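With chain A fixed as given, assemble chain B onto it according to the hints.
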Amino acid sequence: MKEPSPREPGWRRPLQWLKPRRTIRPTRDGWWCLGAAVGLGFAAVNTGNNLLYLLASLLLALIVVSGILSEQSIRLLHLRAALPEEIYAARPVRLGARVLNRKRWLPSYSVALEASHHRLYIARLGAGDERLLTWEATFTARGLQRLPGMRLLTLFPFGLFLKAGRVEVDDEVVVFPAVRPLDSAWRRRVAAGGARALHRRGRGHDLYSLREYREGDDYRLIHWRSSAKAAALIVRELEAETASNTRIVLVGDGTRTAARLEAAMSEAASLAVHLLDAGAAVELAGPGVYVPPGHGRGHRRRLLTALALYDPATAAAPPGGRSAGASEIEVALG
Amino acid sequence: MSPLSSRALTAAIYLLVADGIAALFLGGLLDLPGLVVVAALVAGSWWQESLRHRLEPLPWLGAVLMGVAGAALVVEIVTGAGGMLDVFTHLLIFLLLVKLYTLRALRDARDVTFLSFFMLVAASPVTTSLVFLGLFITFLVVGTWLLMLRHLMNEADIVAGPTSRIGRDLVHLALASSAATVVVTALLFLVIPRIGQAALPLRAQTSRMVAGFTERVQLGAFGEIEADATVVMRVHLTSFNGGGAPETLPSLRWRGVAFDHFDGRTWTVSRSTLKLTLRRELPVPFPVHQFYGGPVLTQEIRLEPIESQMIFGAPRLLRLHTRSDFVTVDDLGNVAVPQATARLQYTVDSEPEIGDPRRADIADARQPHEPRWQARYTQLPRVSPRIHALAREVTAGSVDPYDAALRLTAWLNGELAYTRVLERPTTDDPLEDFLFVRRAGNCEYFAAALAVMLRSLQIPARVVNGFQRGEWNPYGRYFMVRLRDAHSWVEVFVDGAGWVTLDPSPRAGAEASAPATPAVLWLDSMRVSWYRYVVSFSLHDQLAVVDVVRQATWTLGATALRPADWRPGFRLAAAGAALVVVLVVVVGWQRRRSVAAGAAMPGFYARALRVLARRGLAPGAGETAREFARRAPAAPWAPPLAQLTGAYERVRFGGAALAPDEAAAVDAALADLALAVRVKGH
Chain A
1 MKEPSPREPG WRRPLQWLKP RRTIRPTRDG WWCLGAAVGL GFAAVNTGNN
51 LLYLLASLLL ALIVVSGILS EQSIRLLHLR AALPEEIYAA RPVRLGARVL
101 NRKRWLPSYS VALEASHHRL YIARLGAGDE RLLTWEATFT ARGLQRLPGM
151 RLLTLFPFGL FLKAGRVEVD DEVVVFPAVR PLDSAWRRRV AAGGARALHR
201 RGRGHDLYSL REYREGDDYR LIHWRSSAKA AALIVRELEA ETASNTRIVL
251 VGDGTRTAAR LEAAMSEAAS LAVHLLDAGA AVELAGPGVY VPPGHGRGHR
301 RRLLTALALY DPATAAAPPG GRSAGASEIE VALG
Chain B
1 MSPLSSRALT AAIYLLVADG IAALFLGGLL DLPGLVVVAA LVAGSWWQES
51 LRHRLEPLPW LGAVLMGVAG AALVVEIVTG AGGMLDVFTH LLIFLLLVKL
101 YTLRALRDAR DVTFLSFFML VAASPVTTSL VFLGLFITFL VVGTWLLMLR
151 HLMNEADIVA GPTSRIGRDL VHLALASSAA TVVVTALLFL VIPRIGQAAL
201 PLRAQTSRMV AGFTERVQLG AFGEIEADAT VVMRVHLTSF NGGGAPETLP
251 SLRWRGVAFD HFDGRTWTVS RSTLKLTLRR ELPVPFPVHQ FYGGPVLTQE
301 IRLEPIESQM IFGAPRLLRL HTRSDFVTVD DLGNVAVPQA TARLQYTVDS
351 EPEIGDPRRA DIADARQPHE PRWQARYTQL PRVSPRIHAL AREVTAGSVD
401 PYDAALRLTA WLNGELAYTR VLERPTTDDP LEDFLFVRRA GNCEYFAAAL
451 AVMLRSLQIP ARVVNGFQRG EWNPYGRYFM VRLRDAHSWV EVFVDGAGWV
501 TLDPSPRAGA EASAPATPAV LWLDSMRVSW YRYVVSFSLH DQLAVVDVVR
551 QATWTLGATA LRPADWRPGF RLAAAGAALV VVLVVVVGWQ RRRSVAAGAA
601 MPGFYARALR VLARRGLAPG AGETAREFAR RAPAAPWAPP LAQLTGAYER
651 VRFGGAALAP DEAAAVDAAL ADLALAVRVK GH
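Those sequence lines, one after another, are chains A and B. Mapping of the first sequence onto my numbering: position 147 corresponds to residue 147, and the numbering continues sequentially without gaps. Mapping of the second sequence onto my numbering: position 562 corresponds to residue 562, and the numbering continues sequentially without gaps.
Quick caveat, the hints were computed from the structure, so don't treat them as lab data. Since this is a predicted model, take the numbers as computed values, not measurements. No false leads were slipped in.
Covered, in the sense of this in silico footprint (three residues per stretch, anywhere, with C-beta under 8 Å from a C-beta of chain B), are these stretches of chain A:
1. 63-74
2. 104-111
3. 120-127
Estimated spans, in silico, between C-beta atoms of each pair:
4. B/41 <-> A/137: 46 to 56 Å
5. A/67 <-> B/550: 25 to 35 Å
6. B/52 <-> A/67: 36 to 46 Å
7. B/659 <-> A/162: 32 to 42 Å
8. B/606 <-> A/67: 28 to 38 Å
9. B/172 <-> A/67: 16 to 26 Å
10. A/134 <-> B/39: 46 to 56 Å
11. B/10 <-> A/162: 22 to 32 Å
12. A/217 <-> B/616: 48 to 58 Å
13. B/616 <-> A/144: 17 to 27 Å
14. A/116 <-> B/547: 56 to 66 Å
15. B/606 <-> A/213: 56 to 66 Å
16. A/294 <-> B/169: 53 to 63 Å
17. B/190 <-> A/127: 29 to 39 Å
Backbone N, C-alpha and C fix where the C-beta goes; we use that ideal spot for every residue, glycine too.
Pulled out of the complex, with its shape left as it was, chain A reads as follows:
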């Protein structure tokens, strides 16, 4: 997950202060209330009738109390994004936000979180309590994407005014290219690179050892000849296999068609994920991008991040050389 962005430059901070902390907009009921208060005030001034002054004061007091209580409800509420570690383009993902009530004594009532087109409601959030709110979203493109701004708002207590806080979480996330299952053509290309025994138990094809049958073993693995000799059921243990170490080479500069470039990024990402899951060491090379061979989750993130952030405009010549014993698969950028 990306860390919070650094603070604004010094010269911008005063401008931040100029931004209102809250925005207030009357609802339809609020407009009614305001209109009635103005009308009554006019009538009171015109007639000097103190009871009309009293009723006008009541409407104004409702507006004032509404402002105080809504501020009390929304103040010291802290909003933090809760994002998944990996976000892939074109794949639905659950985004979330944690709302923390930092008030020491007072709960917050009737607060809504507005994010993108979603509005999530919290009826009551006790003092010091935190609530996780989640919603589903889909990023259509890879790369650095701006998160939909989130803000807290409330109509509490009378529904007369909509009070909203500033947009608080306004950050960027790295969206990896879309990862899809490899189609048959790509599987053949991967298989052409060959498989490599890993000299440990696994699910490959070569025999690793024999042992006595244990409950739950696959019957198809019973070695009948050895079983006959030993007068007990003997099963085969197979040797683990992995795809051979692979170098994915991005060919071309990707400047011709954007659609082809995005498809190529998706293919490269899908290929890299497939190979890493199969245990292969994967290396990525292309114009302006190079990730040395590696395994594991961290390496997968590095590869996907490199593909996510690939920009043909800043591409340079691909580095030469090739890791010993690695097969090579080319992905055309177009």
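Positioned in the frame of chain A, the structure of chain B alone reads:
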């Protein structure tokens, strides 16, 4: 969601409707038959859903009913059959009934709230009753509750979020909101400038014609009202510079109108009376009577409309503060203002009669040696010689006129009986009948008899009508004067002392009316406060409040600058205030600390990143904090960074602040990190 699906919301809706209709009734905009009809229709709307199902086969019925009612309203408006306020009231009732019979959506609850509110608005110009305050408070509390409940139901309806937990808090929230609204309403009411025309209601109170306070009064005029307990006047004694509690002053009464001419049955203000109409030129009080140098009693008086233009106040009335631009003063000491139909509020300064008048020697209070003056105040019709004889007999041996007057007063007080039964079976002279036949009468007969007997002895005297002091209300600290307190007495001229009050009526001993209960007194005090601080609140009052606040602030500020002069209570308050300030600062500081600890990027981790950044070590794009910490496991800074990263994850994702021991460990790890980075640098 339908409002009827919530019992609480339904109850609130009908409470508000009842409140609004009660306001219309209170203001006289709805008479009793109308109230019954509207109440029945409102009650019928409770079953509107089942009614709607039954009437589904008649879809035109609703349209026809609405059309007829709408047409009636249009006719009423066009023909001007009722006043605008009546038309407005009928429109409100019509819309309310339509809403109640078509109550389906939550927005209908809002509409009912507004309609009920406007019913209060409609009633406000035509009532000043204290009951309005009760209806106002009811509307405020129930309306607040309804608006809050409706909002929460609406939100739950839209976003389908969990709302169960808030239900328990709703009552407390609504009550707190209501209390806050009451306070803010009171403050706003206080500060909104009164730049309107008047502080009086649009429609004046229906005044009541009360006999006895005009310039012509027949004997027995008070008979009807002497049993009426209606409160007509409230007298606040605001200041008295004579020492002691002013409410304990003896013989306190409220003088209204004095008469100088008697025809045997009727007392009148003679045509020869000199009258002077004073026009206000400056915002100063109107002068009424010459000041003799005694203590001054200030009274703030609220007089209900009794169809009398007279100003009442304790004798001798010196000055009058009133909003009226014209005041009429005559040489009998009568004061009148030309505003008989509205409630009157004014302040008078009086110089009460204290001490023995025979000891007074006021140069300005010498008896004029004018025959006309003497003739005016000793004028008599043809009266029975028996009355003259009786006067001489009672006053035989008197040392001076005042002594004679006292003897006559004591005789009347002791020998004759007080009664309110005034039927006279004979056509004899009323005073003769009173003195020699019935030997009983009300205060008017006693006063007339004394005045006539004094005049028969050539002692200047006049009859005065006014009110007895009334009942002291300790809750509001004012005298509550009722119609039955209407009273007559006599003023006799004492050389060197002026006109002196004498009351020959043994009324106090004869009357045995039960005193008002504490509840009645308290309620009346509330009513007075309502009139004083709400109905009659004016720009003048606002300025007075501002002045009080300004003076209090100035006094407080001046005192605060001289700690040596602080009183013990002030010292205690100052110490308490200082303690509160310290507590607020400490709590605020602790809260800022806890807030800082729970921030998105804990401070200690940001510091660690800055330390590493000085050596060119920074997390890469897409690299998590944990990955960054594991980037170089063999590096000397890896162990402290791993420790800091663990703490960072606990704080940031665990949502918890660091415990004191954890904070100490983090500080140590930061120091180790800084050292490791420095060593690597070397």
